[in-house]
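The listed protein sequences derive, respectively, from chains R and U. In terms of the numbering used here, the first sequence opens at residue 21 and continues consecutively. In terms of the numbering used here, the second sequence opens at residue 104 and continues consecutively.
Derived by calculation from the structure, the hints in this document are not laboratory data. It should be emphasised that the depicted structure is a prediction, and the values quoted were computed from it without experimental measurement. One thing to keep in mind: the hints can contain errors.
[What the hints assert, rightly or not] Stretches of chain R that chain U covers, calculated by requiring three or more beta carbons in the stretch to come under 8 Å of a beta carbon on chain U:
| # | segment |
| --- | --- |
| 1 | 61-75 |
| 2 | 118-127 |
[To be verified] In silico DSS-like cross-links for lysine-lysine, where the CA-CA straight-line distance does not exceed 25 Å:
| # | chain 1 | residue 1 | chain 2 | residue 2 |
| --- | --- | --- | --- | --- |
| 3 | R | LYS62 | U | LYS186 |
| 4 | U | LYS160 | R | LYS62 |
| 5 | U | LYS145 | R | LYS62 |
| 6 | U | LYS181 | R | LYS62 |
| 7 | R | LYS22 | U | LYS160 |
| 8 | U | LYS181 | U | LYS145 |
| 9 | U | LYS186 | R | LYS87 |
| 10 | R | LYS22 | U | LYS145 |
| 11 | U | LYS145 | U | LYS160 |
[Said to hold, decoys possible] The calculated label-pair distances, taken between Cβ atoms and stated as ranges, are:
| # | chain 1 | residue 1 | chain 2 | residue 2 | range |
| --- | --- | --- | --- | --- | --- |
| 12 | R | GLY61 | U | ASP174 | 39 to 47 Å |
| 13 | U | SER169 | R | LYS87 | 20 to 28 Å |
| 14 | R | LYS87 | U | GLU106 | 30 to 38 Å |
| 15 | U | GLU156 | R | ARG97 | 39 to 47 Å |
| 16 | U | GLU171 | R | ALA88 | 40 to 48 Å |
| 17 | U | LEU217 | R | LYS62 | 19 to 27 Å |
| 18 | U | THR110 | R | SER72 | 22 to 30 Å |
| 19 | U | ASP174 | R | ARG113 | 43 to 51 Å |
| 20 | U | PRO111 | R | PRO132 | 46 to 54 Å |
| 21 | U | SER215 | R | TYR71 | 33 to 41 Å |
Even glycine gets a Cβ: it sits at the ideal position worked out from N, Cα and C.
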Amino acid sequence: QKEVEQNSGPLSVPEGAIASLNCTYSDRGSQSFFWYRQYSGKSPELIMFIYSNGDKEDGRFTAQLNKASQYVSLLIRDSQPSDSATYLCAVPRNTGFQKLVFGTGTRLLVSP
Amino acid sequence: EPEVTQTPSHQVTQMGQEVILRCVPISNHLYFYWYRQILGQKVEFLVSFYNNEISEKSEIFDDQFSVERPDGSNFTLKIRSTKLEDSAMYFCASSEGTGNQPQHFGDGTRLSIL
């Protein structure tokens, strides 16, 4: 079982719609969860992080965490063409909490 | 906003040559990391560094790799004898702490081995 799993996509949504990106993880001891956005050829850019079960909102972004089911999701409201990128889910390894384990990322395409 | 800076942005090197990638982490951060991303693949952890020593390394980080903090600001990754399969984007990251503290990434160095 992969440590961090994401659907590679692409996920296509029209402009203005809600994009829903999902991530599952295997380590039940994981405490924190990070979402990064990566444009093609660029570096990962941190957009959200969440530690507690439930929802965390920041502008158009909402992260949702369900530790019992071992999944974390990212909702993007009012999607814009500029949101088109690959979204990476990352989880620190329980041992040492220093190594970030990344999923393969979900490619999001927002059409005008 | 403070950021992690990396130089050079692109490095082209002959196979077997040594290469040094440079990073300036965010100034008040204590933990430093190197990751790499082979084209089309996921971001992979290489090494973490704290208090002037390696705190964790992956199986990728073999004897050909080394890291150093030569002064109060720079953090370097050296590859002693490069191989074709070392061609990748190399990202430096830093964080204030571990676990719940987010890691912030630099723009990366694209390493091309010929």
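A quick look at each hint next to the structure:
| no. | hint | result |
| --- | --- | --- |
| 1 | 61-75 | holds (count 7) |
| 2 | 118-127 | holds (count 8) |
| 3 | R:LYS62 x U:LYS186 | holds (23 Å) |
| 4 | U:LYS160 x R:LYS62 | holds (24 Å) |
| 5 | U:LYS145 x R:LYS62 | holds (13 Å) |
| 6 | U:LYS181 x R:LYS62 | holds (22 Å) |
| 7 | R:LYS22 x U:LYS160 | holds (19 Å) |
| 8 | U:LYS181 x U:LYS145 | holds (22 Å) |
| 9 | U:LYS186 x R:LYS87 | violated (41 Å) |
| 10 | R:LYS22 x U:LYS145 | holds (12 Å) |
| 11 | U:LYS145 x U:LYS160 | holds (17 Å) |
| 12 | R:GLY61 x U:ASP174: 39 to 47 Å | violated (30 Å) |
| 13 | U:SER169 x R:LYS87: 20 to 28 Å | violated (38 Å) |
| 14 | R:LYS87 x U:GLU106: 30 to 38 Å | holds (32 Å) |
| 15 | U:GLU156 x R:ARG97: 39 to 47 Å | holds (44 Å) |
| 16 | U:GLU171 x R:ALA88: 40 to 48 Å | holds (43 Å) |
| 17 | U:LEU217 x R:LYS62: 19 to 27 Å | holds (24 Å) |
| 18 | U:THR110 x R:SER72: 22 to 30 Å | violated (38 Å) |
| 19 | U:ASP174 x R:ARG113: 43 to 51 Å | violated (30 Å) |
| 20 | U:PRO111 x R:PRO132: 46 to 54 Å | violated (36 Å) |
| 21 | U:SER215 x R:TYR71: 33 to 41 Å | holds (39 Å) |
Consistency note: the structure conflicts with the earlier hints numbered 9, 12, 13, 18, 19 and 20.
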